[in-house]
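Participant: Sequence:
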Amino acid sequence: MKQTILLLLILVITMLSGYAETPTNTNAFFRSGQVFITWNEVVSAEKYIVYRSLSAFSAGDLTALNKRYEVPQGSANNKHLNSLVDYRPESNGFMALTPPCSIRKHVIIPLSDTASGNAVEVADGTGMVVLTTHTVGTYYYAITAVVGGVEDKSLNNGNITGAIEETVEEPTPVLLWQSGIKEARIYLQYTDVDSFNPTYTGEYAWPYWVGVGTKYNTTSEKLSLCLGLAGMPGTLSSLGNSYSWNSQGIECKTHETGNWWFGYSQTAVYDTSVIVPTCCNSGAIREDGPVVNFTEARYMNFLKWMILREPYYSTRIDTNRIFTTGASMGGSGTLQFMHHYPDFFAYGIAKTAVTNYLETDWSWLRQCETRWGSHTNDTMQVKFTGWRSEWLNESFGGMTLHTFLNQENMLFKMERVEMPWIFICHGGTDGSVNWPQQGRNYYTNLDSTRRGWSGGCDGASGHYCSGVLFAIPNGNDDQTTTIRKNNSFVAFSNVSGNPGLPVPDSPDSIYYSFNTQFNWSTPYYRVGGYQDQIDSVNRYEIVLVSRNGDNIADITPRRLQKFVVTPGEEYIARNTAVNDLNTVFQVDTLTADSLGLLTFKGFEVKAGDKNSGGSRLIVVPLNFVSGVSCNRESIAGNLSMKCYPNPFNPATIISIVNHGPTTQSLNVIVRIFNAKGVLVHHSLPLRIQSAVPLRYAWDATLYPSGLYVVKISAGDQKLLKRIIFMK
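Read left to right, the sequence shown gives residues 0 to 726 (numbering that gives the first Met the number 0).
I should point out that these hints are in silico values taken from the structure, not numbers from a laboratory. Hints are not guaranteed to be accurate.
[To be verified] Once the Cα atoms are required to be at most 35 Å apart in a straight line, the calculated DSBU-like pairs of lysine-lysine come out as: (1) 641 <-> 726; (2) 710 <-> 303; (3) 104 <-> 152; (4) 717 <-> 412; (5) 382 <-> 600; (6) 46 <-> 66; (7) 675 <-> 600; (8) 641 <-> 675; (9) 609 <-> 382; (10) 181 <-> 152; (11) 609 <-> 726; (12) 46 <-> 152; (13) 710 <-> 382; (14) 412 <-> 726; (15) 675 <-> 221; (16) 382 <-> 412.
Generate coordinates for the entire structure from the input sequences, incorporating the hints supplied.
Facilitator: Printed below as a string of structure tokens:
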């Protein structure tokens, strides 16, 4: 009997192995930090195993140590592209474009930027994987197929390839499509399967649409960049052959799948068969973390490529005019982007935005828990990756997730951080992003933390609120699109002309509008006949107007560029007529608080418009700030540091010397803080040998002018230096 069973088992194994086959026509192609591997699939295979080695493969090399990755049958198909080609209504989808974007599979060779239409996708029956290189080397690859649960480890010329020279580089998105008029493009971004948890949707390649204005290709001036964020679930839609919303600049959109534009678990194994995991208010509550900002990170990585590396955009993007906008989930993402990358955006427009995801009871709480864990889970932590994530990890990495996603309370935790101007609104009868659970406390806390913001609640409205956002007294407000990151503004709080705070839980059928009556002068916007502001080290001037009569408000200059505010120091502040400095309405001595903020309480904002009226705020320090020099050497312990040039534009060299014994080497970390004490740059550990200067360059191109502090540390040795960035 035992012999019969053994013979049957041998027969079954023989039959299964008889069906096993090896992939053929395996090829690998390296470009910009990633290797693109393709092969002809085995018809009956379930999955493929990718092996990598530093030498040519032999049979004994197909080991777990050399195993690089696994992909299923049909790995060249892209779920997101397929859904967008099939998206209805067609007027919003890929097929409504001219010519239609009909790509469903991955692409290796990008479309020429001089061509219109579609790139060539990989052929039917082709398997594919894109791997990001983390270590420089010459690599060989082997692909095996698993058929009927059995891996055929046979090697032949058809399923091996190499040698492939690989280096560590920033990956470049692949151009998939360009409109006939060449004013819109679609790209595919291959994320790193080693760090971006590819089990989420079972897909690691994400599409982006970028549109430009009709004069883009015939002009050369710098333009604004708009990040458009869609509502739930985040489908890439409302596309066009040219710009969609930002007619005066550049516009970028990407595809999302219901993550509120934030991220998902780093360690969870998701159901790869569905494109929108845990889309509804059902399913298991997430218990595996940490949660990482993967959605934000890939978007920021794409923007890094646009801004710093792609000539078609990098020479045209004005980094002081980057803004973001969206409604519902898109508005929620807008608010998160402004919180998480506060020094990146000029302003944001957040409509019906979630302000507290997990610490209040609302319609989508259960859906958030299926993504991020229970609202009572104190062990679920948050981490960050992607471009410009250093500050996030330094400040909030490891924080309890439900605490971090309470934007209302985070306003207080970030009180010293300068943020963009925030346009925000909600509907008083909203049954989705529910009022008052969402929005009400945020408005109160914006006022308490002295933020620059405007908007409010449309008491009669549901899941819509644009009316209150731009319910401007005495005419339309056209200042919004002129706001720049490198100009200061004034935060208005305790305003006499605003409704009382907090807004009622059950608001009346009226507009509760906050700060929409105010304008302020900049080099790009005229107020009271004055179109400028003075923001120098020892003097600050700005003109303010109210368009619904005189208002009394506490005013706080924010996003100062050069004017130095030192905690505890005194400043003389005057409120004068705009065109007659001898007509003084108010004068006061202000003391900068511990956050480095100056607030003029009870400031009279005079009525006015673009051409007349208004009030001029003038602030000077009681003790003038002398020039800051970093040219002298600073010494602590065995370390010394010099910074040159200083002042600088746009880069300075931080020269560090280790004066210790010749056998001593140190790990040094360079941190750079703005005048508010907020970390803006963080280096990796830098190895420095004795007596050999280490020169570290910091390029501040994307940051505002002003005072910064360089801090270097090696163990218990620390050095500080002040530097000034002057554009």
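Participant: Hey, residue 412 versus residue 726, does the alpha-carbon distance stay inside 35 Å?
Facilitator: holds, 30 Å
Participant: Does residue 382 sit within 35 Å of residue 609, going by the straight-line distance between their CA atoms?
Facilitator: violated, 46 Å
Participant: Just to be careful, I want the Cα atoms of residue 710 and residue 303 compared with a cutoff of 35 Å; is the pair within it?
Facilitator: Cα-Cα ~26 Å, so holds.
Participant: Would you check the hint for residue 46 and residue 152, treating anything up to 35 Å between C-alpha atoms as holding?
Facilitator: Between residue 46 and residue 152 the Cα gap is close to 13 Å, so the pair holds against 35 Å.
Participant: Can you confirm whether the C-alpha distance between residue 104 and residue 152 stays at or below 35 Å?
Facilitator: Answer holds: residue 104 to residue 152 is near 28 Å, not above 35 Å.
Participant: Is the Cα-Cα distance between residue 710 and residue 382 35 Å or less?
Facilitator: Given pair residue 710, residue 382 holds - Cα atoms ~24 Å apart, limit 35 Å.
Participant: Starting from residue 382, check that the Cα of residue 412 is at most 35 Å away, please.
Facilitator: Status holds; Cα separation ~17 Å.
Participant: So if I understand the rule, the pair passes when the alpha-carbon distance is 35 Å or less; does residue 609 with residue 726 pass?
Facilitator: Distance ~28 Å between residue 609 and residue 726 Cα, so the pair holds.
Participant: Hey, residue 675 versus residue 600, does the alpha-carbon distance stay inside 35 Å?
Facilitator: OK: residue 675 and residue 600 at ~21 Å, within 35 Å.
Participant: Hinted pair, alpha-carbon criterion (35 Å max): residue 382, residue 600. Please report holds or violated.
Facilitator: This hinted pair is violated, its Cα atoms lying about 39 Å apart.
Participant: Residue 181 and residue 152: Cα distance at most 35 Å?
Facilitator: Given that 35 Å is the threshold and the Cα spacing comes to 48 Å, the pair is violated.
Participant: Between residue 46 and residue 66, is the straight-line Cα distance small enough, at 35 Å or below?
Facilitator: holds, 14 Å
Violated hints, in rising order: 5, 9, 10; the structure is consistent with all others.
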